[in-house]
Amino acid sequence: MTKKRYSAVGFVAAVAIAVSGLFVPSANANNEIVVWADGDRGPNLVKVLAEKGDWVSGYKVTVKSFSNFDALKDAFDKATDASGPDIVMGANDWVPTGAKSGKLAPITLTASQKARFTSGQLFDLTYKGKLYGVPVDVNNVAMIYNTKLVTTAPKTFGEMVNYYKANKTSKGLKAGLCVAGGGMSWGAHSIFSALGADAYQFDARGKIVYDRSFNGTTFGKNVRTFLLDGKKSNGFLPASDAGCKDNFLDGTVPFAIIGNWEWKDYVAKGFTMNLMPVPGVNANKPGKMFGSVSGALLTTFAAKHGVEAGAKSLLTNFFGSTDGQVRYQKIEGRPPAEKGAALDATVSAAQRGFGSAASLSSIPQIGAFLNNNAGGANYWDSAPAYWTAVLVDGKDAVVEGNKLAAIWRANTTAGKSDL
Amino acid sequence: MTSFFTGKVSFVLKLVVVLLLSSVLVTLTQSAFAQKEYFIAGFLAITILLLVLTYLTKISIPLKFFLPGILLLIAFVLSPILFTVTMSSYNYKTGNIISKSEAIEQIKNRGFESDADGTSFDIKIGRYDNQEAILVSDSINGAYFISTENNRIPLIAQDLTVNEYGVAESAPDFQTLSDAEMANADEIYSLKRFKYQDEYFIALEGFEVGIVSRQVLAFDEVNDQFKNIISGEIYTDNGRGNFAIEGSPDQYLEPGWRAPIWFENYTKLFTEERLRAPLVSVFIWTITFASLSVLTTFALGLLLALALNKPIRGRRVYRSILILPYAMPSIMSILIWGGMFNTEFGAINNLLGTDIAWFQSPTFAKFAIILVNLWLGFPYFYLISSGALQAIPSELLEAASIDGANPRQIFRQITLPLLLQILSPLLIASFAFNFNNFNLIYLLTGGGPRAELDGELAGATDILISFTYKIAFGSSVQDLGLASAISLVIFVLVASISMYGLRKSKVLESFQ
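Protein sequence lines correspond, in order, to chains Z and E.
Heads up: the first sequence is residues 161 to 579, going by the numbering used here.
Heads up: the second sequence is residues 294 to 805, going by the numbering used here.
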């Protein structure tokens with residue numbers, strides 16, 4: 161190699177290092193709390209924090225938005241010490257996996273901080289007795305009826321079925337009740353519950369009652385009575401959620417279970433709020449609706465970035481406070497989880513309506529529970545298969561009900577220790 | 294012109310390109326190093342060195358041509374294979390993702406419990422007697438004290454500045470930290486345990502609140518075990534990535550770490566009934582699906598190629614129409630077909646006047662998959678068969694015809710054998726592609742139908758790769774180690790079948 165070439169190599173090395181130095185991605189800077197959120201929540205958080213930024217003095221809060229919830233989950237799964245967030249806005253079912261994998265860190269709330277939320281909401285973000293974040297949004301479903309077809313709220317499940325049978329032909333009904341929000345598992349939980357199969361029930365002290373929740377036989381017999389004609393579906397409840405929303409909006413389905421996140425579409429079509437639980441077999445014993453929370457979750461990266469105390473303060477001062485949730489949910493438009501914010505006069509009627517529906521009669525998903533694969537399957541993933549097996553494949557409602565109950569029992573036994 | 298490529302201009306151009314590439318690679322190296330990805334950082338550093346030495350010196354002329362290929366092969370082929378091989382021998386799943394040292398650190402951090410009453414205090418952060426300290430307000434009992442790591446100093450309310458909520462703002466000799474000072478000292482104060490009473494301490498939960506807690510788990514570095522200070526239970530390394538109580542494998546601490554378990558992921562495939570049973574049926578369906586896909590697409594493609602090999606009117610138009618399915622993105626085609634097979638409002642049931650639940654019945658779902666794959670795959674074989682037909686010397690066909698062979702004999706004895714010899718590598722490649730045709734299965738049926746209520750792990754149309762995906766990512770528990778093991782089994786199967794096919798067809802001999 162000539163002298164000239166040696167010089168060239170040296171020159172390249174020197175300039176390359178110098179140039180690249182300009183673009184070195186930095187780890188989270190000191191005194192900076194990094195929050196990760198999806199494409200909906202992220203930009204709204206930025207707006208709220210721009211409006212009032214001193215939730216934790218001495219820190220700068222930076223929000224990083226991802227295109228959607230799946231992209232956020234994917235990024236969080238792959239996050240490293242250097243790149244990971246200090247707080248992530250995630251779903252309740254991220255808690256058990258995040259805690260098991262060492263990505264989420266526990267936070268302890270004071271009694272007064274806990275009192276701002278229902279026990280179900282706190283259960284939702286708890287794994288093995290430790291809380292991993294603060295509840296922020298309520299994601300719940302409730303039943304709505306089309307007042308152009310049905311003038312008064314039904315009192316029993318049978319009343320809805322009778323209406324459907326009597327008006328099916330004359331009004332061109334495509335179904336009686338369908339699930340538009342939450343799918344045939346979480347969305348349909350209120351139907352499971354109304355017909356006698358609760359995923360879980362709470363006692364007066366907010367503790368889960370395990371021994372009287374899921375009776376496959378009772379449930380199966382009720383399905384035979386209300387949803388089948390012989391071995392075939394009577395058409396009242398479709399086995400899937402496909403087309404439900406459009407059919408309800410078109411007036412060809414009188415009752416639908418909808419999610420709070422799509423309420424604006426119903427308002428646009430002139431529907432008013434008459435949210436209610438799915439009526440039970442007997443009057444005054446309605447099904448429990450599914451109502452879960454998304455939360456602001458503390459990560460183990462916060463400690464590694466040296467901002468753990470600041471992140472905890474941000475969680476309690478902003479994400480878990482009445483003021484923080486009112487300001488944030490005014491822009492975000494979801495029902496606030498925090499009790500004070502849910503009752504605040506400035507949040508919309510829809511937010512309050514869904515919020516109160518959630519607090520009246522709802523059960524949370526509780527990520528740590530019924531979401532495990534003990535026994536080869538998990539309850540929430542298997543539940544939709546019940547409707548297909550019975551309403552499409554013509555399998556016996558009681559036999560299939562007991563199979564689902566067996567999965568529930570296996571999950572419950574394994575899940576108890578995770579609560 | 295030649296001087297342009299060999300003279301000073303070319304050297305300067307080379308210098309600029311190498312400079313730009315090196316700058317990008319140095320940036321990536323630093324980033325990988327910062328994220329503790331030392332293997333990647335090392336590889337990138339060596340790449341920079343090789344690039345500079347190869348292109349700015351005359352060490353080896355052939356290397357100038359081979360180097361990009363070699364580097365890309367290492368980065369995108371060999372490294373993923375090596376990583377998969379390594380991970381297949383690890384207990385690498387949800388709960389066993391981080392390293393052992395990280396797991397120990399986190400167990401220590403989580404190994405505390407609040408006191409029975411959940412006592413918490415309002416606190417102020419500061420310094421006392423040159424130590425980190427907190428000014429604690431027990432507003433329920435009207436008591437105040439300063440707490441350092443080893444001491445608790447009671448205070449008299451009259452000496453303090455107390456706000457309207459009964460929280461002490463300042464105390465004699467206690468220097469409250471400013472906001473900026475607190476933020477800078479976050480890490481120090483977060484890790485500190487401030488004296489309360491007996492075994493209980495106060496830990497920060499943010500800058501305003503202290504929680505009374507006690508340590509429950511203590512790590513014994515010498516014996517590499519955790520001890521529950523309250524119950525006396527000992528948790529030892531179970532050799533599988535968790536600290537567990539000896540004799541009670543289900544009682545273990547979380548999080549765990551990724552630990553080598555050597556061939557256990559492979560043996561599991563044959564010893565665990567839950568995996569073995571579906572694996573056999575999935576394997577049979579994978580072979581059937583791949584074989585039928587190759588057979589049907591090749592047969593239809595060849596048929597059309599033969600039909601359009603003769604000069605007929607509108608041949609160009611037909612040819613253009615026939616390659617349309619190939620020109621359309623397959624993802625869109627699959628989704629459209631999925632809609633057409635819909636039971637309630639799909640075009641197929643509407644046309645046939647039936648109400649077949651295509652994706653609820655294993656037989657119908659399999660039929661639908663083969664049919665959609667036929668639609669997606671026949672244009673490819675039509676195109677290559679058309680080309681191959683042109684390559685067969687017309688003299689051979691004429692001679693056979695003169696010798697009295699009929700068209701069927703000519704096709705069976707001459708055209709087809711010659712075509713198969715030409716197309717064998719492509720048929721084998723098509724088989725290997727369909728063996729791993731994840732997109733079609735995932736988008737059309739999702740592997741279903743599956744009898745979830747009977748505890749079935751795999752669906753009726755799951756092929757090995759979609760089954761692997763379900764194990765790795767299909768539920769809340771992701772078993773990446775097991776999925777890596779299945780991936781390697783698939784790799785060996787596809788490689789073996791392909792090699793066997795290539796040997797049989799004697800294609801490789803023509804390259805010798």
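Take the hints with a grain of salt, since some may be wrong.
Unchecked claim - To give an idea of the chain Z side of the interface with chain E (calculated C-beta under 7 Å), a few residues:
1) Pro203
2) Thr222
3) Ser225
4) Ser227
5) Asn228
6) Pro266
7) Lys472
8) Lys563
Said to hold, decoys possible - Here are some chain Z residues the structure puts well away from chain E; computed CB gaps all over 12 Å:
9) Val206
10) Lys220
11) Lys331
12) Lys555
What the hints contain is simulated information worked out from the structure, not anything from laboratory work.
Being a predicted model, the structure only gives us computed values, none of them experimental.
C-beta atoms are modelled at their ideal positions from N, C-alpha and C, and glycine is treated no differently.
Enumerated hints in conflict with the structure, sorted upward: Hints 1, 2, 3, 4, 5, 10, 12 not satisfied by this model.
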